[in-house]
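Order-wise, the sequence lines are chains A and B.
Position one of the first sequence corresponds to residue 0 (numbering that gives the first Met the number 0), numbered consecutively onward.
Position one of the second sequence corresponds to residue 0 (numbering that gives the first Met the number 0), numbered consecutively onward.
No lab work stands behind these hints, which were simulated from the structure alone.
Don't take every hint at face value.
Each computed DMTMM-like pair below joins lysine to aspartate or glutamate, with the alpha-carbon atoms no more than 20 Å apart [said to hold, decoys possible]:
1) B/Lys235 / B/Glu247
2) A/Lys98 / B/Glu270
3) A/Lys173 / B/Asp96
4) B/Lys22 / B/Glu173
5) A/Lys98 / B/Glu173
6) B/Lys273 / B/Glu237
7) B/Lys132 / B/Asp171
8) B/Lys235 / B/Glu201
9) B/Lys123 / A/Asp190
10) A/Lys98 / A/Asp152
11) B/Lys205 / B/Asp185
12) B/Lys251 / B/Asp171
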Amino acid sequence: MQFKQYFKLKENIPSHVYVALGVFSFVILLAVWCILTYGGHVPSLFLPSPSDIIVQFYHMLTELNLLRDILASLYRVMAGFILASLIGVPLGLLMGSFKIAEGLIEPIVGFVRYMPASAFIPLLILWIGIGDLQKIAVIFIGTFFQQVLMIRDVAKNVSNELIDTSYTLGADQKAAFIRVILPAALPGIMDTLRITLGWAWTYLVVAELVAASSGLGYMIMEAQRFLRTAGIIVGILVIGLLGLVTDILFKTAYNRMFPWLEGRSE
Amino acid sequence: MTAIPLKYLKTDTHLHPVKREPKLRVHHVSKVFEQKTRIVTALEDTNFDVREGEFVTILGPSGCGKSTILKVIAGLTEPSSGYVMLNNQRVNGPGADRGMVFQAYTLFPWLTVEQNIGFGLQLKGIAKPQRHKIVQHYLELIGLNGFGAMYPNNLSGGMKQRVAIARALANDPEVLLMDEPFGALDAQTRTVMQELLLKVWEESQKTILFVTHDIDEAIFMGDRVYVMTARPGRLKAEIPIPIHRPREFSIKTSPEFMHLKAEILELIREESWKAASEIGS
Ligand SMILES: Nc1ncnc2c1ncn2[C@@H]1O[C@H](COP(=O)(O)OP(=O)(O)O)[C@@H](O)[C@H]1O
Ligand SMILES: [Mg+2]
Numbered sequence: 000m001q002f003k004q005y006f007k008l009k010e011n012i013p014s015h016v017y018v019a020l021g022v023f024s025f026v027i028l029l030a031v032w033c034i035l036t037y038g039g040h041v042p043s044l045f046l047p048s049p050s051d052i053i054v055q056f057y058h059m060l061t062e063l064n065l066l067r068d069i070l071a072s073l074y075r076v077m078a079g080f081i082l083a084s085l086i087g088v089p090l091g092l093l094m095g096s097f098k099i100a101e102g103l104i105e106p107i108v109g110f111v112r113y114m115p116a117s118a119f120i121p122l123l124i125l126w127i128g129i130g131d132l133q134k135i136a137v138i139f140i141g142t143f144f145q146q147v148l149m150i151r152d153v154a155k156n157v158s159n160e161l162i163d164t165s166y167t168l169g170a171d172q173k174a175a176f177i178r179v180i181l182p183a184a185l186p187g188i189m190d191t192l193r194i195t196l197g198w199a200w201t202y203l204v205v206a207e208l209v210a211a212s213s214g215l216g217y218m219i220m221e222a223q224r225f226l227r228t229a230g231i232i233v234g235i236l237v238i239g240l241l242g243l244v245t246d247i248l249f250k251t252a253y254n255r256m257f258p259w260l261e262g263r264s265e
Numbered sequence: 000m001t002a003i004p005l006k007y008l009k010t011d012t013h014l015h016p017v018k019r020e021p022k023l024r025v026h027h028v029s030k031v032f033e034q035k036t037r038i039v040t041a042l043e044d045t046n047f048d049v050r051e052g053e054f055v056t057i058l059g060p061s062g063c064g065k066s067t068i069l070k071v072i073a074g075l076t077e078p079s080s081g082y083v084m085l086n087n088q089r090v091n092g093p094g095a096d097r098g099m100v101f102q103a104y105t106l107f108p109w110l111t112v113e114q115n116i117g118f119g120l121q122l123k124g125i126a127k128p129q130r131h132k133i134v135q136h137y138l139e140l141i142g143l144n145g146f147g148a149m150y151p152n153n154l155s156g157g158m159k160q161r162v163a164i165a166r167a168l169a170n171d172p173e174v175l176l177m178d179e180p181f182g183a184l185d186a187q188t189r190t191v192m193q194e195l196l197l198k199v200w201e202e203s204q205k206t207i208l209f210v211t212h213d214i215d216e217a218i219f220m221g222d223r224v225y226v227m228t229a230r231p232g233r234l235k236a237e238i239p240i241p242i243h244r245p246r247e248f249s250i251k252t253s254p255e256f257m258h259l260k261a262e263i264l265e266l267i268r269e270e271s272w273k274a275a276s277e278i279g280s
């Protein structure tokens with residue numbers, strides 16, 4: 000009977016059941032993978048077995064300088080992402096706070112946003128060559144324009160009543176911006192950064208698939224060239240893990256930074 | 000416009016000791032909102048005074064322009080015509096001399112109770128030890144000693160409004176504007192809050208302009224009640240409340256109270272009928 004509870008719309012389930020479900024789906028995935036590969040149903044050129052992957056991972060770490068590729072990618076992602084954020088966050092806040100800034104910037108950003116960042120690659124190669132800078136530029140273009148608009152919405156959603164309240168307490172515009180809009184927008188800013196960092200990783204791989212000589216994207220291309228299927232999968236898994244780690248870091252920082260978000264919500 | 004019966008117009012029966020000069024003067028204020036599809040006249044030629052130390056209530060149905068009038072006084076909204084004088088100075092934009100408590104919960108959720116109450120003091124540049132002392136005083140006044148370190152998310156609705164009142168008072172404004180501050184609270188909490196606010200007012204000697212749509216609340220709290228009618232918002236009558244202070248909850252069932260309530264109800268009913276027949280014709 001209790002079992003029925005689990006199938007109610009939007010009903011909460013015990014947390015241990017929730018965790019168990021997650022483990023269960025992973026185990027199933029792993030089991031299917033093992034059966035397909037060890038059972039000889041799929042040639043290893045198409046899908047290497049779990050142990051192949053582990054061996055390959057070790058091989059790449061020791062022989063193929065996997066660490067160098069990881070660091071190269073990490074550097075590009077972070078540089079592109081931080082650069083985009085340093086400009087995008089203040090600009091978005093301005094757009095959300097001042098109509099005049101929005102009127103000025105919105106049309107351009109709204110237009111460029113629909114141009115795929117990957118389509119800029121040929122142009123960027125022409126302009127700034129095939130070095131790190133070009134990869135960083137692709138990531139910048141991919142994240143910046145989305146970020147600006149998302150941050151603008153965050154700033155716009157700050158309650159006008161809170162701003163009015165600060166005025167009646169003696170705040171001028173500057174004080175209202177610094178003491179109300181900024182702290183009220185901060186959780187939304189963090190959320191936006193977390194989401195767009197995920198996108199930055201996506202653009203990184205796109206950037207490194209073309210005209211690169213290092214990085215995880217390049218490494219995946221190399222593995223494909225020599226038909227090392229396991230190498231491709233290792234590359235994908237490493238990127239996934241890096242993404243997961245940054246996501247967890249963001250979530251932890253979020254909970255630390257905003258203790259005031261907890262509590263009853265009326 | 001039929002004349003208001005004379006008895007409503009005499010205003011000198013204040014039992015609360017107040018100084019005579021008008022502290023706040025609203026002079027021919029009107030407000031028109033021009034929207035894309037229509038024009039809304041929220042306020043029409045509104046005139047009234049609030050004297051030093053007085054507790055004045057404005058009573059009116061929702062949508063009649065009560066919030067608009069407070070926002071004009073607070074300087075958050077520009078009037079379409081007319082002006083507001085505070086201590087014989089024309090109001091121009093918002094300022095710390097006119098504190099406001101809103102109906103919606105407007106505590107800053109990222110600040111603790113203590114930081115919320117000290118918000119205006121900090122803006123004024125008052126040093127921390129001094130600030131702390133003032134904050135403690137008001138925490139005590141609203142009966143929330145020991146809650147200073149909590150965040151608003153962990154407070155009940157009534158507590159939030161108490162903090163909002165303390166925050167406004169800690170800033171020592173010339174007048175305190177209150178826009179249906181207890182409107183979102185349940186009946187029991189509201190009663191407690193009304194008594195608490197009267198106690199706080201008596202202690203702090205503040206001048207308060209309090210807006211509500213609740214007849215009982217308007218009578219219970221006010222030295223005078225301004226009755227407002229809807230569409231366009233306009234003050235129709237001024238009714239002195241000669242009930243002695245300090246007031247307690249029990250007076251809400253006294254004959255005196257019931258009599259005043261009946262008078263106001265009759266006044267509102269007349270207006271509603273008039274409005275209804277105007278729409279009908
Ligand atoms: N910013 C605004 N723009 C357009 N109309 C408004 C605005 N603010 C208030 N109004 C209109 O003015 C009238 C009075 O509103 P308000 O002062 O909020 O009434 P109350 O506080 O008495 O409920 C309402 O009809 C409302 O729709
Ligand atoms: Mg209102």
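Tested hints:
1. B/Lys235 / B/Glu247: violated, 28 Å
2. A/Lys98 / B/Glu270: violated, 42 Å
3. A/Lys173 / B/Asp96: Given that 20 Å is the threshold and the Cα spacing comes to 19 Å, the pair holds.
4. B/Lys22 / B/Glu173: Satisfied, since the Cα-Cα distance of roughly 8 Å is no more than 20 Å.
5. A/Lys98 / B/Glu173: Violated, because 33 Å separates the two Cα atoms, which is more than 20 Å.
6. B/Lys273 / B/Glu237: holds, 19 Å
7. B/Lys132 / B/Asp171: holds, 14 Å
8. B/Lys235 / B/Glu201: Violated, at roughly 28 Å.
9. B/Lys123 / A/Asp190: Violated, because 33 Å separates the two Cα atoms, which is more than 20 Å.
10. A/Lys98 / A/Asp152: holds, 12 Å
11. B/Lys205 / B/Asp185: The hint is violated at about 26 Å.
12. B/Lys251 / B/Asp171: Since the Cα atoms of lysine 251 of chain B and aspartate 171 of chain B sit roughly 30 Å apart, the hinted pair is violated (cutoff 20 Å).
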